[in-house]
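Chain by chain, the residues run as shown.
There are 2 protein chains.
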Amino acid sequence: MDITQQIVSGDVRTIARILRDIDDELPSSRDILKELYPHTGKAHIIGFTGSPGVGKSTVVDQIATVCRKESKTVGILAVDPTSPFTGGAILGDRIRMQRHFLDPGVFIRSLATRGHFGGLSKSANDMVNVLDAAGKDVILVETVGVGQDEVEIANSAHTTILVTIPGMGDDVQAIKAGIMEIGDIFVVNKADREGSRKTVRELMNLIEIGLRRRNGEDWEPQIVETEAAKGRGIDKLYETIEKHRAYLQATGSQKWRRAAEKRTRIQLLGALRDRAFQAVLEKIEQRGDSIDEMVRRIVDRESDPYTIVQQIVDKGLS
Amino acid sequence: MDITQQIVSGDVRTIARILRDIDDELPSSRDILKELYPHTGKAHIIGFTGSPGVGKSTVVDQIATVCRKESKTVGILAVDPTSPFTGGAILGDRIRMQRHFLDPGVFIRSLATRGHFGGLSKSANDMVNVLDAAGKDVILVETVGVGQDEVEIANSAHTTILVTIPGMGDDVQAIKAGIMEIGDIFVVNKADREGSRKTVRELMNLIEIGLRRRNGEDWEPQIVETEAAKGRGIDKLYETIEKHRAYLQATGSQKWRRAAEKRTRIQLLGALRDRAFQAVLEKIEQRGDSIDEMVRRIVDRESDPYTIVQQIVDKGLS
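Chains as they are written, first to last, in the working numbering: chain A, 1 to 318; chain B, 1 to 318.
Rather than coming from a laboratory, the hints here were simulated on the basis of the structure. Among these hints, one or two may not hold up.
Where chains are identical, the list cannot tell them apart; a pair therefore holds if satisfied intra-copy or between any two copies.
What the hints assert, rightly or not - Restricting the straight-line Cα-Cα distance to at most 25 Å, the calculated cross-link-like pairs of lysine to any residue (SDA-like) are:
#, residue 1, residue 2
1, 198, 253
2, 315, 225
3, 34, 315
4, 262, 307
5, 72, 38
6, 315, 296
7, 69, 253
8, 315, 261
9, 198, 208
10, 315, 2
11, 236, 302
12, 283, 268
13, 255, 292
It should be emphasised that the depicted structure is a prediction, and the values quoted were computed from it without experimental measurement.
Let the hints inform the model, and build the full structure from the sequences given.
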C-alpha cells in the first residue's frame with residue numbers, strides 16, 4: 001500500500017509521519033497532500049477559539065468524548081501559540097494524549113505557532129486535510145487568542161465556536177463584538193463562577209447587534225453554558241453543534257458548499273501569500289543581496305524601508 | 001509648509017490625516033512615509049500585549065498620564081481586533097480620547113484588525129513611524145491577544161510589556177511560557193484580586209525558565225503588580241520602563257541599535273510579504289484568471305489547492 005492509501009485507510013503511524021513532514025515543511029509532503037485531496041470534504045470541521053485560560057482544551061476533549069460515544073472518529077488539531085523554542089506544543093500533546101491514549105478513534109496533534117511570517121494557517125489547513133482524508137468524521141481545531149491568524153483558522157471551519165468565561169472584564173464588550181461575527185456557537189465555560197448569567201446576557205445583546213451584520217445567514221448564534229471540567233453542559237453543546245451541522249447540510253441548501261468555499265478561499269490565498277513571499281526571499285538571495293545589509297542601511301538612515309521595498313519590486317519579485 | 005514639515009512640527013490635524021491615509025492604504029502615503037523616515041528613530045517605543053479583559057488600555061492610559069507629568073509627549077496606537085464592520089476601534093478612540101482630550105501632548109489612534117491577510121503589522125509600523133517622526137517622546141503600542149501578528153507588533157517595540165491578571169487559569173502555564181521570551185516587563189494588573197501573589201510566583205518561575213533561553217541578554221524580566229483603575233503600581237511600572245530604557249541606551253551598549261534592527265527587520269519582511277502577495281493577485285487578474293473559479297474547481301474536486309498553486313507559480317508570480 002502506498003502512503004496515500006495508508007492514510008486514507010487511517011493508519012495512525014503514517015498519518016503522524018505526514019503531519020510531521022507538513023510541520024517540517026518538507027516539499028515531499030505536497031505531493032501526498034495533492035493525492036489526498038480527492039479524499040477530503042467529508043469531515044465536519046469545528047473550530048474553537050477564545051482567550052487563554054477559558055478552558056478551551058477541556059471543552060474540546062469533552063466534545064471528543066461525546067463524539068466517540070456516538071461512534072464518530074475524531075481528529076484534534078490544537079494550534080498552540082507556544083514558540084518553537086519552548087516545546088510547549090509537544091508537552092501539551094503528551095498531557096492530552098493521556099485521556100484518549102487507548103482510543104485509536106481519536107487522533108491528536110498540536111501545531112506550534114511559528115516565528116514571524118509563519119504560514120501557520122497554511123500548515124493547519126494542510127493538517128486538517130490529512131485528517132479529513134484519513135476518514136475522521138469530526139475534526140476539532142482549537143486556536144488560542146483573538147489574533148488574526150488564529151481567527152482565520154477558526155473561521156475556516158464549518159462550525160465556529162467561541163469559548164469565554166464569566167467575568168473576563170466588562171471592558172471587553174467592544175472587543176467581543178469584533179469576533180462575534182464569526183461565532184456560530186458561544187460557550188460560557190466555568191459557568192459555576194459568579195457572573196455567568198450576566199455574561200450570557202451580554203452575549204445575547206451582542207448577538208442581537210451581530211445578527212444585523214450577518215447578512216444572508218439565518219442561523220441564530222446559540223449560547224451554551226458549560227462546566228467542561230465536570231462534563232456539565234457538554235451534551236447540550238454537542239446537540240447544538242449537531243443542530244448547526246444539520247442546518248448547514250439541509251437538503252437543497254448551499255450552506256455546506258458555501259462553508260467549503262470560504263475554507264478553500266482562505267486556504268488558497270494563504271498558500272499564495274506564502275509562496276509569493278518565499279519567492280521574493282529566494283530572488284533576493286539569488287541576486288546576492290542581503291536582508292541584513294538592507295536593515296543596516298535603514299537603521300543608519302542611509303535609506304528607508306519604503307525605498308528599499310520599491311527597489312526590490314523594481315528588480316523583480318520573482 | 002509641506003506635509004512632511006507639518007508632521008515633523010507635530011501638527012495634529014496633518015498627523016491624523018496621514019494616519020487615515022495609511023489606514024486606507026492610499027499609495028500617496030508611501031511618499032510621505034519615505035520623507036518622514038529620516039526624522040524617525042528618537043522615540044521610545046513600548047509595546048503592551050495580553051489577553052482581552054486584563055485592563056491593558058487602563059494601564060496604557062495611566063502610563064501616558066505619568067509620561068505627561070514628566071513632560072514627555074505621547075503617542076498611543078491601539079491595535080484592536082475589532083473587525084472593520086463593527087467600528088469598535090472608532091468607538092474605542094472616542095471613549096479613550098475623553099481622558100486626554102484637552103492635552104495636545106497625547107495623540108491617540110486605533111487601528112482595527114483587517115480581514116484576512118491584512119498587513120496589520122505593516123500599517124501599525126507605518127503609524128508608529130509617523131508618530132516617531134512627529135516628535136512623540138514615547139509611543140505606546142497596545143495589541144490584544146496572543147495572536148501571531150499581534151505578538152509580532154508588540155515584539156517590534158524597544159520595550160515589550162505583557163499584561164496579565166490573577167487567576168487567568170492554572171492551565172495556561174504552558175501557553176504563558178511561549179510568550180515569555182518576548183516580555184521585558186510583566187504586569188499583574190487587578191492585583192487586588194485573589195491569587196495575585198500566586199500569579200507573581202508563577203511568572204517568577206517562568207522567567208527563570210525563560211532566562212535560560214534569552215541568550216545574550218542580561219536584562220532580567222521584571223514583574224510589577226498594578227491596580228491600574230486606581231492608579232496603584234503605575235509609578236513603579238513607569239520606573240521599571242525607564243530602567244529598561246536606560247539598560248537599552250547604556251553607553252557603549254549596542255542594545256538600542258539591536259532593538260532598532262529587530263524592529264526594522266520585522267517591518268521590512270512584513271512589507272515584502274504584502275507586496276509580493278499583492279503582486280501575485282494582480283498578476284492573476286491581468287491574466288484574466290479568477291480566484292472564484294479556482295475555488296470552485298477545488299471544491300468540486302476537479303483540482304486541488306496544491307496543483308492550482310503550482311500552476312500559478314509556473315505561470316509566474318509577478
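Hint-by-hint comparison with the structure:
For a Cα distance limit of 25 Å, the shortest separation of residue 198 from residue 253 qualifies neither inside one copy, at 35 Å, nor across copies, at 52 Å. For the identical chains of this complex, residue 315 and residue 225 are neighbours neither inside a copy (57 Å) nor across copies (51 Å), given an alpha-carbon limit of 25 Å. In this homomeric assembly, residue 34 and residue 315 come within 25 Å of each other (Cα to Cα) only across copies, at 19 Å, whereas the closest approach inside a single copy is 33 Å. For a Cα distance limit of 25 Å, the shortest separation of residue 262 from residue 307 across copies, 19 Å, qualifies, whereas the shortest one inside one copy, 36 Å, does not.
Proximity of residue 72 and residue 38 under a CA criterion of 25 Å is satisfied intra-copy only: 21 Å inside one chain copy versus 61 Å between copies. For the identical chains of this complex, residue 315 and residue 296 are intra-copy neighbours only, at 20 Å inside a copy versus 35 Å across copies, given an alpha-carbon limit of 25 Å. With identical chains, the CA atoms of residue 69 and residue 253 are never at most 25 Å apart, being 29 Å at best within one copy and 62 Å at best between copies. In this homomeric assembly, residue 315 and residue 261 come within 25 Å of each other (Cα to Cα) only across copies, at 24 Å, whereas the closest approach inside a single copy is 36 Å.
In this homomeric assembly, residue 198 and residue 208 come within 25 Å of each other (Cα to Cα) only inside a single copy, at 15 Å, whereas the closest approach across copies is 39 Å. Neither within a single protomer nor between protomers do residue 315 and residue 2 lie at most 25 Å apart by alpha-carbon distance, with minima of 44 Å and 31 Å respectively. Taking CA atoms no more than 25 Å apart as the test, residue 236 paired with residue 302 passes in neither setting, with 63 Å inside one copy and 38 Å between copies. Proximity of residue 283 to residue 268 under the C-alpha cut-off of 25 Å is found in both arrangements, the shortest distances being 22 Å within a copy and 15 Å between copies.
Taking the shortest alpha-carbon separations for residue 255 and residue 292, only the inter-copy value of 17 Å comes in at or below 25 Å, while the best intra-copy value is 48 Å.
Checked against the numbered hints above, the structure breaks hints 1, 2, 7, 10 and 11 and satisfies the rest.
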